[in-house]
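S.K.: Read off the chains here:
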Amino acid sequence: MTDHSDQPSHFAFDATSEAEIATILAKYPSGKQASGVIPLLYVVQKQMGRLTGSAWVPRVAMDVVAETLGMAPIRVYEVATFYLMFNTAPIGKFHLQVCTTTPCWLRGSDEVVAACRKVTGIKGWKETSEDGLFTMTEVECLGACVNAPLIQVNDDNYEDLDFDSTVALLESLRRGEIPPRGPVNGRQTSAPEGGPTTLTTLNFAKTE
Amino acid sequence: MKVTVDGIEVDVPPGSNVLQACEAAGKEVPRFCYHERLSVAGNCRMCLVEIEKAPPKPFASCAYPAAEGMVVHTDTPMVKKARRGVMEFLLINHPLDCPICDQGGECDLQDQSMGYGGDSSRYEENKRAVKDKYLGPLVKTVMTRCIHCTRCIRFSTEIAGVSEMGATARGESMEVGTYVEKALTSELSGNLIDICPVGALTSKPYAFTARPWELTKTDSVDVLDAVGAAIRVDARGPEVLRVLPRLNEDVNEEWLADKSRFAIDGLRRRRLDSCWVRVDGKLRKASWNEAFAAIAAKIRATTGERIGAVAGELADGESMLALKDLMAGLGSANLDCRQHGEAVAVGRRDFYTFNTSIAGIEEADAILLVGTNPRHEAPLINARIRKRTLAGPVAVAGIGTKCDLTYPVQWLGEGPAALSALGTFGEALAKAKRPMIIVGQGALRRPDGAAVLAACWKLASETGMLTPDWHGFNVLHTAASRVGALDLGFLPEPGGKDLAGMMGGGVDVLWLLGADEFDMGRIGAGTFVVYQGHHGDAGAARADVILPGAAYTEKTGTYVNTEGRVQRTRLATFPPGEAREDWKILRAFSAGFTPLPYDTIEALRARLEQVNPVFARLDLLPRFGCSDHSGPGGEGGLGDAPFAPVIANYYQTDPISRASPTMAECTTTYIAPLAQAAE
Chain A
392 MTDHSDQPSH FAFDATSEAE IATILAKYPS GKQASGVIPL LYVVQKQMGR
442 LTGSAWVPRV AMDVVAETLG MAPIRVYEVA TFYLMFNTAP IGKFHLQVCT
492 TTPCWLRGSD EVVAACRKVT GIKGWKETSE DGLFTMTEVE CLGACVNAPL
542 IQVNDDNYED LDFDSTVALL ESLRRGEIPP RGPVNGRQTS APEGGPTTLT
592 TLNFAKTE
Chain B
100 MKVTVDGIEV DVPPGSNVLQ ACEAAGKEVP RFCYHERLSV AGNCRMCLVE
150 IEKAPPKPFA SCAYPAAEGM VVHTDTPMVK KARRGVMEFL LINHPLDCPI
200 CDQGGECDLQ DQSMGYGGDS SRYEENKRAV KDKYLGPLVK TVMTRCIHCT
250 RCIRFSTEIA GVSEMGATAR GESMEVGTYV EKALTSELSG NLIDICPVGA
300 LTSKPYAFTA RPWELTKTDS VDVLDAVGAA IRVDARGPEV LRVLPRLNED
350 VNEEWLADKS RFAIDGLRRR RLDSCWVRVD GKLRKASWNE AFAAIAAKIR
400 ATTGERIGAV AGELADGESM LALKDLMAGL GSANLDCRQH GEAVAVGRRD
450 FYTFNTSIAG IEEADAILLV GTNPRHEAPL INARIRKRTL AGPVAVAGIG
500 TKCDLTYPVQ WLGEGPAALS ALGTFGEALA KAKRPMIIVG QGALRRPDGA
550 AVLAACWKLA SETGMLTPDW HGFNVLHTAA SRVGALDLGF LPEPGGKDLA
600 GMMGGGVDVL WLLGADEFDM GRIGAGTFVV YQGHHGDAGA ARADVILPGA
650 AYTEKTGTYV NTEGRVQRTR LATFPPGEAR EDWKILRAFS AGFTPLPYDT
700 IEALRARLEQ VNPVFARLDL LPRFGCSDHS GPGGEGGLGD APFAPVIANY
750 YQTDPISRAS PTMAECTTTY IAPLAQAAE
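Taken in order, these protein sequences are the chains called A and B. Under the numbering used here, the first sequence has 566 at position 175, and the numbering climbs by one with no breaks. Under the numbering used here, the second sequence has 127 at position 28, and the numbering climbs by one with no breaks.
It is possible that part of the hints are untrue.
[To be verified] Calculated pairs, EDC-like style, for lysine to aspartate or glutamate (alpha carbon to alpha carbon, straight line, at most 20 Å):
1. B:LYS126 with B:ASP207
2. A:LYS423 with B:GLU257
3. A:LYS517 with B:GLU271
4. B:LYS126 with B:GLU108
5. B:LYS281 with A:GLU458
What the hints contain is simulated information worked out from the structure, not anything from laboratory work.
Same shape as in the complex, but just chain B (with noise of 0.2 Å):
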């Protein structure tokens, strides 16, 4: 379709409204209530183009669909003029409290005011005052500033999927809001923030802490799930200010889930920034050399195989390649990065990734949830499958703990049983052409994991998810270091110990690599315990010796998304006190016994990709199909206790949100009264 826009001739698809198209030919039009990824509302009216044998009026570009040979104009003195208009009508109550406002800088109607804003206002009546509203610990609001372009109700109702906001009342009336006073129940409600283009809502946590051109901007990754969302990390000199997500259609689109925009004032505090060794019974601060030399003389007094190590849910890749060869060094086969015993088959990498992609699930027409509640184990992958059912229709189905996922989901069943009996869902996988499974940790986190795993992968084979051009089946982890702990061979080596049978006594000395989340009460009273990491929780606690490590803002580091996407983190402030990047602590205690062959994070990372190519791989994820549909090996009968979740508290599930005042806050909101209902 040829639209020609102030004189230059673009091709847009069918479908594309006029302001799509003046886009594409690199004419900005101002507007406030369109938003790409939401419905068209075209209330804001700031989009005015005129368009050439037409009415002879401005036309909101927004909601007008472009036609074949189309001519707009964007720059004429009635466009000009238009918009100056409609600028000075949402100027009438918007309040002059720019330099009071969290906006402020990053502004919408700010900088659009730049250009077609009044030098003064010709309003002398009073400006309308609007009481503000309680949305929750995340979202702050000062309704005074709202235009009313809608996109929050919009997003809440489409993308999060929570009709919760509203525009009640009407005229000069009108107020958004949730009408009753009630804490938005979304795990996406900080997108709100984003989305607003005005101060009207912005982030509660954030409130007058800093200026947008105060703040260094470093671009990172997100690794407080596993799906790797692109971040921007703001930060001024040592603290972390803020996150906000990046663009990357792949992985998150624009959307950022809560826990990983809210969680980072968990990082400065309950942090480890030196060194502790225990005597008699007490942590005492260290240096370097003494907790390396405590560690040593225990590693000396005792044998290889009594050593053991494992990696926790946020360490990175070079870390936990480092803490293997360091194990390998020692002579220890005892290794293991799964602190729940989940079941995995590493015979294949596509036995434990999401080989869908998470993109992919918008082609998929018929899902089976298995023992996941993606909601809180993955916001941003649980929003794509909403965002498929909203696209057209497609089965969903779940087998599991009943709960709410924003969108219609057929429950077959709790347990495995319900795997041999589809029901009418059995009818729409026969006919679904790209039909996919999702196996959540919740059913592999169990003694017959390894064969759910196993009946899982063959009812993908049997009910076509498995087709040269189409892989799908998908493992949904919740750790963002599980994948690249699964690549890198973080599991026990043959005849080595998994982490059940370092518990108990089963190792004299035992590494934690951040690790937190098993119970600590099972290693053995005699178990000397090293935890290496940054935060003050459960495994520093039991500790012998504890080595202050960097958490993920502070560090370059290598993860491995769900998908089997290798991404990085970036430095955006330095570790605090005598806290230093995890792989230059392993090498530095290497120098002890066998040195660790990397000196720099590039020689370290060469190893990585040699120890897995997959790793050279940055960022990009090629689609794949199946083609060997010979499954993992999953031993033993399938039991019939249902699925359990394996989030009961999506705000606290790891060291650092356990230690944000944010998510503590959340957590008293959203969490304790339905713990006080279930009781």
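Just chain A, with the same shape it has in the complex (with noise of 0.2 Å):
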């Protein structure tokens, strides 16, 4: 189950950490902290990317995880292994997690894997790219139907993608540059493309 070549021999969290978790663990009753471990796996995942540039949670930092809240190491590889936004072995840096689920395969998803293949040079799912900066995972439903198709870089969405856009935004990620995050089509969030499309005629100045 656990490759160990990959794993480190030794986890600590910074004073960054260290600040997080005493904010969460103060949500709380006492007793209950067990109840803080998904979030606190997060701050593992963000400590590692902020520190190594590879956001995962290798298991040593599971058994840091199991010993703040007092529970049983188990337990914390269970739940970690269970989320599948818990990345239990290294990633690159920017972890492309393309959604393929209907209305995104519907609005041209295949298009946008496809731009990822070809950028990246990932040719299967879980890979990482030979510069270590990309890792494709497909994933379900990211709840942005209104934007389909998309992509989730790392915690950010980019939305409204199509083939050239797609490639467009690997490109700028691998020369360092990180676009805004959201429609990559100039669109408003979810609103309309090229403006409102209804209650067009309405004068909602105040009149008087």
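Starting from the two chains in their separate frames, assemble the complex, guided by the hints.
M.R.: Written out as structure tokens, the structure is:
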């Protein structure tokens, strides 16, 4: 199950994480700290991303979480492996979580996938590109079907993609530029493309 | 609460589930994940039933509470179809390897698929394969066979108290295991094999050994600790192949400790199967007559008070009585059954037994452990205490070496001084209605043992542990023979020597009945040692004459467990070679002196009952209270040395487990790393 070759031998929370943990644990009544296991695993993943450029949860870190929360390590392993949002193996700097569920697929997620493969050179799912920058994961619905198709890169959504805009997005990520998150076609959130299409005749200006 | 199942009206207690109601009505409900001693998971979906006036769908009966007036059907076409569907799903990924599976013939899945399985598979996709897990030297895994019932996870977390197993990942990738490769650190891990409904967890030492229908099954009693768990000995021909627990709610429920289950391969190794006589410093094979003649010559050359006998930890009541009677005939008063010089008080039986009873632990509301590590000394009693801690608030405190007992323990101190400084636990004791104290051998195996025993009794008396309907004073023994030996008085007679007195030349002839636990170097060089027993262990190495006896699976012998419960082992296989049942050896030898007055086991048992009427009451043990507070007299003051643990290596405590390769492997896996870490 566990590939020991990638696993670090040691993990400790840094000052930033410790501060976050203090805030998180204060939310739970005493004796119920184990409820904080999911937020703490996120803290681990963020710290790993911050310090190593690869946001994942090593096994030793799960042990540290278990110790912090006073629970059996296996209970943390169960949670960390159950939720696919926790990466239990090292990943690239940019985690491309490509949605291929029906609405995205209908709106052309196949092209987005093809663009990702072309730019990164990755052939299968859960693989990392040779330069270590990109890891591609196929995910189920990300809950932004109105802006389909989309990719979640690390924590941010890039929406309304097609082949070319996906290529452009990945190229700029490769150059180290982080484009603003949201729709890539200039649309305001999930508002209609090219401006309002209904209620255009109403005048909301204050009459009188 | 009245529930109707298939037209049969049954009365079930409130809080029962539908499955229990069906069982009460005599309707068998198939199940995999449900186990009456574990929490309800409700994930196998096999126990589906139909309930009237409920949504028209099948219900998982194990996870559905029974209600007044409920009408349940277990045999409608809908139920049958639903169960067939569940079975089909369960078999999607289950390999068709029954012919090479050790569970074959006693497999829940195999049995239930006879009732609910299809005649062929509709599934054409590839089956899922799962890598096998390592769980230590006792439990073999074939994880592809796992149907994810999670019984093993719940057992290890709830009963064994070691949260080491879990289900990682999800959906089709879900796997049951420990995630990190490690041997389960439990003395109850063998029970995983019993509760696994399929062949995913099977016995490693027993792998590919036999089919259940080839085995002769003999109900017996375990003697490798003083709990006296009910066991079934499965043998094929002359070999004991496995030991399984039997149900005994009063003692072991349905569990068995690992040593009792797995040490049996020691029964075939290092066995004494003929007589040996030491000639010119070397042991030589001899006939029974030669061996008896050699002993008789030595006995005739000395006097009664220069002869002594020591009974070992696995000795049965019959042979100990025969040895005691033999010694009396020879004029010897030198008898002892305590190889470590444990203090005992035999003025009353409740001074040396586990009076609360094992089942009684569940009623206790404060428990004080003195000089004991029940996890190693009696894993099943430890499991009962853990069961009690899970059932509701209970104060558990310990005096002795700190150790992980699988439940929270408030450690009060390491030595006898803590008995009079209970701190906050004292307040809990004062409030408790049914408090109990468990005094281990670690508290008694010391020069001030008698004083410790008296102090513990005094504490029990003063803290309300002794009432007319509750007896909270308990001595936890580690030797299966001990309570029996004390019951029949295998102790120095007036004027006789104890074990220490027999050492260093205190006697000329020393008869060891399976006694291997004390340092043989203490025996005087000139002492002629007779070793009667079944294994070539320490005693046999020192012996001048060896008489081959029978192990507990090879004789019907009376053992009294730490509670004072009289139980009998039964013959499952015959003793190897020339070996004989021990009482018969002693009877035969006595013919040359004062013949023992019994020729049959029945006559010997009648004599047992005559010596102490408790031997007449087999298996049953009524609960009793304590009205007489006068305690055992313990002279001398309390020392200040800490209570030392009596078991350093749980897996090797007696001649049988020391001869067992499986127990040796457990020692390498579990004990050696601890010893290394300590260095």
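S.K.: For every hint, state whether the structure bears it out.
M.R.: Each hint, compared with the structure:
Distance restraint check for B:LYS126 and B:ASP207: the Cα-Cα separation of roughly 17 Å lies within the 20 Å cut-off, and the hinted pair is therefore satisfied. Under the criterion of a C-alpha separation no larger than 20 Å, the hint pairing A:LYS423 with B:GLU257 is consistent with the structure, at around 19 Å. A C-alpha spacing of about 17 Å is found between A:LYS517 and B:GLU271, which places the hinted pair at or below 20 Å, so the restraint holds. For the hint linking B:LYS126 to B:GLU108, the alpha-carbon distance of about 12 Å falls within 20 Å, and the restraint holds.
Simply put, B:LYS281 and A:GLU458 have alpha-carbon atoms about 18 Å apart, close enough for the 20 Å limit, and the pair holds.
Comparing the model with each numbered hint stated earlier shows that all of them hold.
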